[in-house]
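*Asks:* Each chain, letter by letter, is given below.
There are 2 protein chains.
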Amino acid sequence: MNVVMIGSGNVAWHLAPALENIGLKVTAVYSPNLRNAKALTQRLYEATPAISLDFSDINASLFIIAINDQAIEEVAKELILPEDAIVVHTSGSQSIDTLGYIPTEHTGVFYPLQTFSKAKKVDFRKIPLLIESEDDFTKKTLMKIASQLSHEVRHVGSEDRKALHVSAVFACNLTNHLFTIAEKLLVQKQLDFNLLKPLISETINKSLTLGPQNAQTGPAIREDLETLENHLEYLEGNEDYASIYRLITQNIMDTYPK
Amino acid sequence: MNVVMIGSGNVAWHLAPALENIGLKVTAVYSPNLRNAKALTQRLYEATPAISLDFSDINASLFIIAINDQAIEEVAKELILPEDAIVVHTSGSQSIDTLGYIPTEHTGVFYPLQTFSKAKKVDFRKIPLLIESEDDFTKKTLMKIASQLSHEVRHVGSEDRKALHVSAVFACNLTNHLFTIAEKLLVQKQLDFNLLKPLISETINKSLTLGPQNAQTGPAIREDLETLENHLEYLEGNEDYASIYRLITQNIMDTYPK
Chain A
1 MNVVMIGSGN VAWHLAPALE NIGLKVTAVY SPNLRNAKAL TQRLYEATPA
51 ISLDFSDINA SLFIIAINDQ AIEEVAKELI LPEDAIVVHT SGSQSIDTLG
101 YIPTEHTGVF YPLQTFSKAK KVDFRKIPLL IESEDDFTKK TLMKIASQLS
151 HEVRHVGSED RKALHVSAVF ACNLTNHLFT IAEKLLVQKQ LDFNLLKPLI
201 SETINKSLTL GPQNAQTGPA IREDLETLEN HLEYLEGNED YASIYRLITQ
251 NIMDTYPK
Chain B
1 MNVVMIGSGN VAWHLAPALE NIGLKVTAVY SPNLRNAKAL TQRLYEATPA
51 ISLDFSDINA SLFIIAINDQ AIEEVAKELI LPEDAIVVHT SGSQSIDTLG
101 YIPTEHTGVF YPLQTFSKAK KVDFRKIPLL IESEDDFTKK TLMKIASQLS
151 HEVRHVGSED RKALHVSAVF ACNLTNHLFT IAEKLLVQKQ LDFNLLKPLI
201 SETINKSLTL GPQNAQTGPA IREDLETLEN HLEYLEGNED YASIYRLITQ
251 NIMDTYPK
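Those protein sequence lines, which keep their order, are chains A and B.
Each residue of the first sequence is one higher than the one before, counting from 1 in my numbering.
Each residue of the second sequence is one higher than the one before, counting from 1 in my numbering.
Simulated from the structure, these hints should not be mistaken for lab results.
Treat the hints with caution; some may be incorrect.
Copies of the same chain look alike in the list, so a pair counts if it works inside one copy or between any two.
As the list claims (entries may be wrong) - List of simulated lysine-lysine pairs, DSSO-like, C-alpha gap at most 27 Å:
(1) K144 <-> K258
(2) K189 <-> K25
(3) K120 <-> K189
(4) K120 <-> K197
(5) K25 <-> K258
(6) K126 <-> K189
(7) K258 <-> K121
(8) K184 <-> K139
(9) K118 <-> K184
(10) K184 <-> K25
(11) K77 <-> K126
(12) K38 <-> K184
(13) K258 <-> K139
(14) K77 <-> K121
(15) K120 <-> K184
(16) K189 <-> K77
(17) K118 <-> K140
(18) K197 <-> K25
(19) K121 <-> K197
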């Protein structure tokens with residue numbers, strides 16, 4: 001099966017080679033930025049960069065749109081596909097209807113529930129792949145490909161996928177930013193972020209083992225008001241951090257009323 | 001060396017047996033709640049529960065106050081120690097001066113930079129132990145004990161320890177609560193929190209490998225306003241979660257201006 005990858009960002013960067021590893025062939029990579037398209041083709045066997053969205057003459061049957069959410073609809077409007085091709089997007093938050101502009105029934109969603117950065121290798125076998133399609137042929141094809149890539153494949157509708165995506169932002173993006181805040185607070189005092197690493201590892205370890213509610217510790221759940229006040233006083237001059245501290249702390253106290 | 005543990009909470013629960021593992025002997029455990037004191041003595045060789053803070057007749061030279069921050073000063077005022085005993089607290093946020101009421105020079109801080117829950121074993125060798133004392137004898141003794149427990153021992157003053165503690169709350173307690181929010185959002189839709197586990201593992205993995213700033217992904221750093229608005233719309237009815245989402249998202253955008 002030949003694949004065209006539309007996009008060259010973090011998801012495309014890892015998904016395209018993973019597809020080649022299970023025997024598919026990526027023939028072309030489209031990006032509005034040619035240099036980015038070229039960079040991704042260099043990770044692939046025979047792919048060439050594409051500069052137009054007119055694929056009417058290409059020998060490919062799967063088109064994967066792995067780009068910013070806000071650009072998907074625009075690309076869907078411009079895209080010209082060969083007959084019977086399947087086209088999917090990889091977005092967690094966009095409905096399958098975003099592909100409604102494409103004159104085919106063979107539309108679907110292929111959402112890898114993971115965080116991707118170009119600099120960090122990932123193991124696709126452990127990534128939950130959430131598939132959606134209302135078209136039987138498309139669904140079967142996507143489920144088959146997904147099952148070869150990963151041990152965890154599910155059919156998930158647009159509404160549930162959105163719930164998962166919002167939750168994923170809390171559990172990943174917002175969480176990671178709290179580590180950034182922690183690092184910045186330490187840097188202000190010339191202290192070493194490495195000192196927090198065992199704590200961070202154990203936090204996650206415990207949360208995944210006991211479940212986050214059983215793993216909660218700290219001054220907020222103890223209602224240790226003196227420490228909370230001390231910390232807010234310490235954060236004077238870092239008003240944004242103080243607001244974030246205050247808001248999550250309040251929510252912890254509301255979640256576990258004494 | 002004989003030790004008295006004052007407190008029977010999460011830190012005492014793990015620290016007391018760890019001290020016995022390196023050859024110290026815990027002779028008594030004090031807690032205002034006798035049942036809690038008894039529960040901890042059952043994890044120890046010969047410790048007995050203590051019901052008073054008058055330890056003038058006990059054969060022990062190290063007293064560890066491992067209790068809620070707000071109770072430390074009160075206990076310090078009531079505590080009666082044998083001659084030449086060392087007394088420390090284990091708090092990240094309390095100054096060493098909190099022990100100023102105790103009529104001895106041998107005061108110090110013994111702060112394990114880790115999250116402790118009774119239900120979860122920890123490996124003390126990997127826990128940074130942050131020591132403070134202005135008294136040479138105390139400092140030497142604490143550094144020696146700490147070095148037997150852990151590979152990562154540092155002398156850290158009260159101000160720096162407070163910075164580490166505030167950062168630790170961001171990196172651990174607040175982070176863990178974001179996992180709780182993620183779980184609650186999924187439960188609202190009868191979705192399985194296990195689906196997020198590979199994402200959570202990889203988030204931490206990546207943050208510790210690349211550093212949190214290099215690991216940041218998601219709609220906020222992409223300034224994907226459409227997705228951000230979608231998510232906030234999704235969170236209508238969960239106003240507290242929406243506020244937390246909005247505030248951290250704004251801080252991500254401010255941290256990485258386009």
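*Asks:* When the hints from earlier in the document are held up against this structure, which numbers fail?
*Replies:* The structure breaks hints 1, 2, 3, 5, 8, 10, 11, 12, 13, 14, 16, 17, 18; every other hint is satisfied.
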